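All chains, please: the whole structure from these sequences, using the hints.
Below are the chains, spelled out letter by letter.
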Amino acid sequence: MAARECRDAREWLSAYRDTEALDDPVARAHLESCGACTTWASVLDQVTRAVRLRSTGSPDVASAAIEAFQTKRPPTAARETARLLLGTAGLAGLALFALALAGLPGTAVIAGHFGQDLSGLHAAISLGFLLAAWQPARYGRGLLPVAAMAVLVVLLPSAAHATGPVAAPLAEAAHLPLLVGLVGLLLLLDPISQRKRATA
Amino acid sequence: MRSSSCLSTCSTHLAGIKVKWNYVPDSWHPCVVSAGDINAVARAAARGDAQAFEAVCRALQDDVWRYCYALVGDRELAFEAAQETFLRAVTAIRRYRGEAPVRVYLLVLARRSVAEVLRRERRHRDARAYDTEPDRTVASSSGAVEIAQLVNDLPSDLRQAFALTQLVGLSYEQAAQVAGCRVGTIRSRVFRSRERLVAGLSEQEEGIHDGSS
Numbered sequence: 005m006a007a008r009e010c011r012d013a014r015e016w017l018s019a020y021r022d023t024e025a026l027d028d029p030v031a032r033a034h035l036e037s038c039g040a041c042t043t044w045a046s047v048l049d050q051v052t053r054a055v056r057l058r059s060t061g062s063p064d065v066a067s068a069a070i071e072a073f074q075t076k077r078p079p080t081a082a083r084e085t086a087r088l089l090l091g092t093a094g095l096a097g098l099a100l101f102a103l104a105l106a107g108l109p110g111t112a113v114i115a116g117h118f119g120q121d122l123s124g125l126h127a128a129i130s131l132g133f134l135l136a137a138w139q140p141a142r143y144g145r146g147l148l149p150v151a152a153m154a155v156l157v158v159l160l161p162s163a164a165h166a167t168g169p170v171a172a173p174l175a176e177a178a179h180l181p182l183l184v185g186l187v188g189l190l191l192l193l194d195p196i197s198q199r200k201r202a203t204a
Numbered sequence: 006m007r008s009s010s011c012l013s014t015c016s017t018h019l020a021g022i023k024v025k026w027n028y029v030p031d032s033w034h035p036c037v038v039s040a041g042d043i044n045a046v047a048r049a050a051a052r053g054d055a056q057a058f059e060a061v062c063r064a065l066q067d068d069v070w071r072y073c074y075a076l077v078g079d080r081e082l083a084f085e086a087a088q089e090t091f092l093r094a095v096t097a098i099r100r101y102r103g104e105a106p107v108r109v110y111l112l113v114l115a116r117r118s119v120a121e122v123l124r125r126e127r128r129h130r131d132a133r134a135y136d137t138e139p140d141r142t143v144a145s146s147s148g149a150v151e152i153a154q155l156v157n158d159l160p161s162d163l164r165q166a167f168a169l170t171q172l173v174g175l176s177y178e179q180a181a182q183v184a185g186c187r188v189g190t191i192r193s194r195v196f197r198s199r200e201r202l203v204a205g206l207s208e209q210e211e212g213i214h215d216g217s218s
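Sequences listed follow chains A and B, in order. 5 is the number of the first residue of the first sequence in the numbering used here; add one for each residue after it. 6 is the number of the first residue of the second sequence in the numbering used here; add one for each residue after it.
Check the hints yourself; a few may be wrong.
[Said to hold, decoys possible] Stretches of chain A that chain B covers, calculated by requiring three or more beta carbons in the stretch to come under 8 Å of a beta carbon on chain B: (1) 17 to 24; (2) 48 to 55.
[Said to hold, decoys possible] One-sided and incomplete, this derived list gives chain B residues near chain A with beta-carbon spacing under 8 Å: (3) 58; (4) 67; (5) 70; (6) 81; (7) 84; (8) 113; (9) 114; (10) 171; (11) 185; (12) 196.
It should be emphasised that the hints constitute simulated quantities derived from the structure, not laboratory data. None of these values were measured; they are calculated from a predicted model. Using N, Cα and C, we set each Cβ at its ideal position, and we do this for glycine too.
This is the structure in structure tokens:
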């Protein structure tokens, strides 16, 4: 084990060689007079030379990122406007739905119109299930959040009505295709995600 | 080294800086002239300039590779970590405002990528109960191979400080920024690395002399 002076002088030399320390006459004098430290300094030079000679040619690690950067568009004003429109449409639709559901005075017209719209949306989602059954990878993923939300907003109030007279549960059973479709989508998309993970 | 294998060159202006591009067998590589310039080019990349981003990546590819390789000691994992570093940079560069040199900025990303790659590798290894042997055949000359082995054998904190200052060429202050520690810690770690490397090399030389006598 090197003595304290040896250790201090070697630590100074290490930093000095990296131009990270100022000249230190005491350490320098020690290095010149101590045989062990002189040998240590010469092996240190060997190490430094060998490290600088070390050839580790860099493979191309940046091309994938360069390509990704070129395809990734920075947020533009048009894109931001589109997002704003989407957000406004979503919030306004939910607000109207909430008004109709609450049955506030003067909203009977809206509620009546919603009845027709909901039938249309029901048909549109059913069409989506057919498209997902035909091309799962293309249509399934996008349909999932829409179907999940539809199930939530349609079937939850239905569950409350289902405890009523016998005719009501039969009427509510008309919503069951939504639930079956959602289960089908979930079963369908799990193997697709697994395949994507495996190939990633 | 690059200029020797150049077939032709051209120049473009990025962020008001003249950047020379060398055509090496597969593609164009920028030769950005100074560290200050690359930071200005990086600021242009932050504003969405794709050519500036490419110039930054090509200019710092070797540094990121050397750092990753020194930390993981395995070509395949180092490739994964270095590639992930640049992929992280695709979004991270937009937050670059020039407070630190872009080299430091990217090496911080590289440190995180290495940690992530090693974490993933440990999980896979646990799952497979399979232990990968680090790649020891780094360089062509035998002296360099010995040094490579000794560097690989350093504890990770010492190896990191040594790689940042000796292989990448950062100052102690910049290395401290990348490693997230104090300058004094880097100084001490570089010294302790050197102590071990000198001791290891001396032992190897004594072994050779003993064997030949």
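So which of those numbered hints doesn't the model satisfy?
-> 6, 8, 9 and 11
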